[in-house]
Amino acid sequence: MKKTTLYLALFTTPAVIITAPAYIDAANDWQVENVENLIDQINPFSTTYEYYLIEAKNAYYSLSTYQQSYVRNSTTLFYYLGSTDNHQTYLKTFSDKMAAISARNSTFLRDIEEAYRYYHSLTTSQQAIIPNYLYLQLQNYMENIAKMKAVQLDFEKLSVLDSSYIYSYETAMKAYQLLPYDFRMLLTPVMSEKKREFETYISPANNRSVAQQVINEISKLSTSSSMEEVASVRAKYNGLTILQQNYVANYRDLLYIEEVQRKTSYGWDPYYIDEKEKSTDYPTNIEVSKKDQLYTVVMPVTEMKQYMNTKIAVSDTITLSIPYDSVPKTNNNDIVTMTIEEINEDSILFTASMYDENFEFSSYIDIEVKGLPSSTTIVRLDNDGEYIATPYRKIAYKNIIKTKTSAQFKVVNSRVQFFDTHADGHQYEIEQLAKRKIVSGVENGYYKPNTQVTLAQYAAMIARSMNITTNESYTYLDISGKWYETSIVALLETGILEHPNSNYFNAGKVVTRQEAAVLSIRMLQYAGVQISDPDYKKIPFTDFKQLSSSDRYFVATAYEFGIFDGKKNGEFDPNGKLTRSQMAKVLYKTLQIAKMI
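Position 334 of the sequence shown, counted from 1, bears residue number 334 in my numbering, the numbering being contiguous throughout.
These are calculated hints, taken from the structure and not from any lab test.
Some hints here could point you the wrong way.
Taking lysine-lysine and the DSS-like style, the derived pairs with C-alpha atoms no more than 30 Å apart in a straight line are [what the hints assert, rightly or not]:
hint, residue 1, residue 2
1, Lys92, Lys57
2, Lys437, Lys589
3, Lys311, Lys220
4, Lys305, Lys448
5, Lys194, Lys220
6, Lys147, Lys97
7, Lys236, Lys567
8, Lys545, Lys482
9, Lys568, Lys537
10, Lys147, Lys220
11, Lys149, Lys174
12, Lys290, Lys394
13, Lys147, Lys311
14, Lys509, Lys410
15, Lys404, Lys435
16, Lys149, Lys545
17, Lys448, Lys509
18, Lys220, Lys195
19, Lys589, Lys410
20, Lys149, Lys482
21, Lys448, Lys394
22, Lys370, Lys435
23, Lys174, Lys435
24, Lys545, Lys236
25, Lys194, Lys149
26, Lys398, Lys595
27, Lys404, Lys194
28, Lys589, Lys538
29, Lys482, Lys509
30, Lys577, Lys509
31, Lys394, Lys195
32, Lys149, Lys567
33, Lys538, Lys448
34, Lys537, Lys567
35, Lys194, Lys410
36, Lys147, Lys537
37, Lys157, Lys97
38, Lys538, Lys567
39, Lys311, Lys537
No experiment lies behind these values; they were computed from the predicted model shown.
Let's have the full structure, built from the sequences with the hints guiding it.
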């Protein structure tokens, strides 16, 4: 029967295919099928990956050329054979990066984050060949970094002026002790500093000594003392810790003298508060209405308090606080209409108008929002639909947004970290400014803290942080059409920047320490911060007298506010170039004083 079939095939089949007898396929089907099954077992996500890859490879090459042509999934085998060498390269690179991680190295944290970045740059199949123990080790490193940064942030937030200082300190120390040894050692310098600060804080001898200085200052006052003298002593008392204030035995004398001054009959007293305005009750003749999620406030200017902010309770969670000078005197008989629309749980739209036209306040007003999570960040929507920085600060359970114009505000969760700021002394300020979208990294997750800052860059950061905008333009040849043009023009309008005496603004020059001091004080003036004349006799800089008289004012005032310190050699170094790290510290401190952060 087989012979008959074969003879018929010879007569009916073209000659080109008689070299592949059918009985050979049938006899060797099991070998081909075995290879196919082995290839099907190759799984890059399995620990048996290399075993089946090698078995399938050996079985495949043991077949004849003819049998190999019948392996249906041979393409899959070739794919894995072609990629396995690359996989081994990735595995070796990752293993080397993990092996290089050592707490003894100054690059300890950077090496961990470099390994983490490399792992997440791999494809899923490439990640599958990484041993599980290495992956778990990397995850453990990253979790400990996060815990360490949280403890560092807790240390940075400690302030002896907070009423909850002792509790906050003890909580931070407990979290510090729970860190693994290697990560705890990285925080030892800041921990030691905070420990010394705490020991000083609770030291009765030190507290009595500091308090005695204020006691002496108060004893020198009388009801005939000038307002400036009394205000200076009040500032010193307010600068004491709670424990130190408890030692000031003659504090009632200071209160009495302040009370006498408030009731002075010698003209208008800026510290005087009318009896009608001592009440903290909200105005009754300002209308607040609600429709769905839209609140409307109708405020006659005549109902505003003159010597303290007019507070308007819009809802259980939103309160407006409006200074008297925020509405120009020419509008005394007018009405300001404000609306607040709660678009959703994390976004509100604020508008201000007068006679149905958009109204801009002369100075910042406050929008107090209660109940937001402590980890959130507030941003605002610009005309291009992008979320940008907005000035606000957090006090206990409420966030206080500062604005002069209508705007939409949004609450977001934002956390920014840079690969090169862990050892930087101003890491906290850098990350806080970045979280608020005031500063940004340079490239690929790096901040480059030691890079110098140009005037154009600094102007943009100031304008963002204080929400200073403009639609005007100037004809300086070197800023026209540039990304920073609007920021520079806006700061020129406010007086924070000065007009140069040429057709060029020179925006590319590096900002000096003296120029940064000038910009900081002008920012505070624009924000409405009360600034007293500095005491030049108390300025410790050895090169202070070399400054011009106008520069001395700005440098001395910046020193008294704590914005600038001197160098180790005792100099201020006015011509020293400002770095991105130093800029973050200066800008953050200035915004803190302006109550915008």
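Pair hint outcome, Lys149 versus Lys174 [Cα-Cα no greater than 30 Å]: Within the cut-off at roughly 14 Å; holds.
Proposed proximity, Lys311 with Lys147 (alpha carbon, max 30 Å): Measuring from Cα to Cα gives roughly 40 Å; hence the hint is violated.
Given hint Lys97 paired with Lys157 - CA-CA distance at most 30 Å: 34 Å, violated
Holds or violated: Lys448 to Lys394, with C-alpha atoms at most 30 Å apart: Satisfied, since the Cα-Cα distance of roughly 28 Å is no more than 30 Å.
30 Å Cα cutoff - pair Lys537, Lys567: 18 Å, holds
Given pair status - Lys394, Lys290, alpha carbons within 30 Å: 27 Å, holds
Pairwise hint evaluation, Lys448 against Lys305, where the allowed Cα distance is 30 Å at most: Between Lys305 and Lys448 the Cα gap is close to 48 Å, so the pair fails against 30 Å, i.e. violated.
Given pair status - Lys194, Lys404, alpha carbons within 30 Å: Not satisfied, since the Cα-Cα distance of roughly 39 Å exceeds 30 Å.
30 Å limit on alpha-carbon distance, applied to hinted pair Lys589 and Lys538: The given pair, whose Cα atoms are some 21 Å apart, holds under the 30 Å limit.
30 Å limit on alpha-carbon distance, applied to hinted pair Lys482 and Lys509: OK: Lys482 and Lys509 at ~15 Å, within 30 Å.
Satisfaction of hint between Lys195 and Lys394, Cα-Cα up to 30 Å: 26 Å, holds
Straight-line alpha-carbon gap Lys311 to Lys537, limit 30 Å: 41 Å, violated
The structure is inconsistent with the numbered hints 3, 4, 5, 8, 10, 13, 14, 16, 18, 20, 27, 33, 35, 36, 37 and 39, although it conforms to all the rest.
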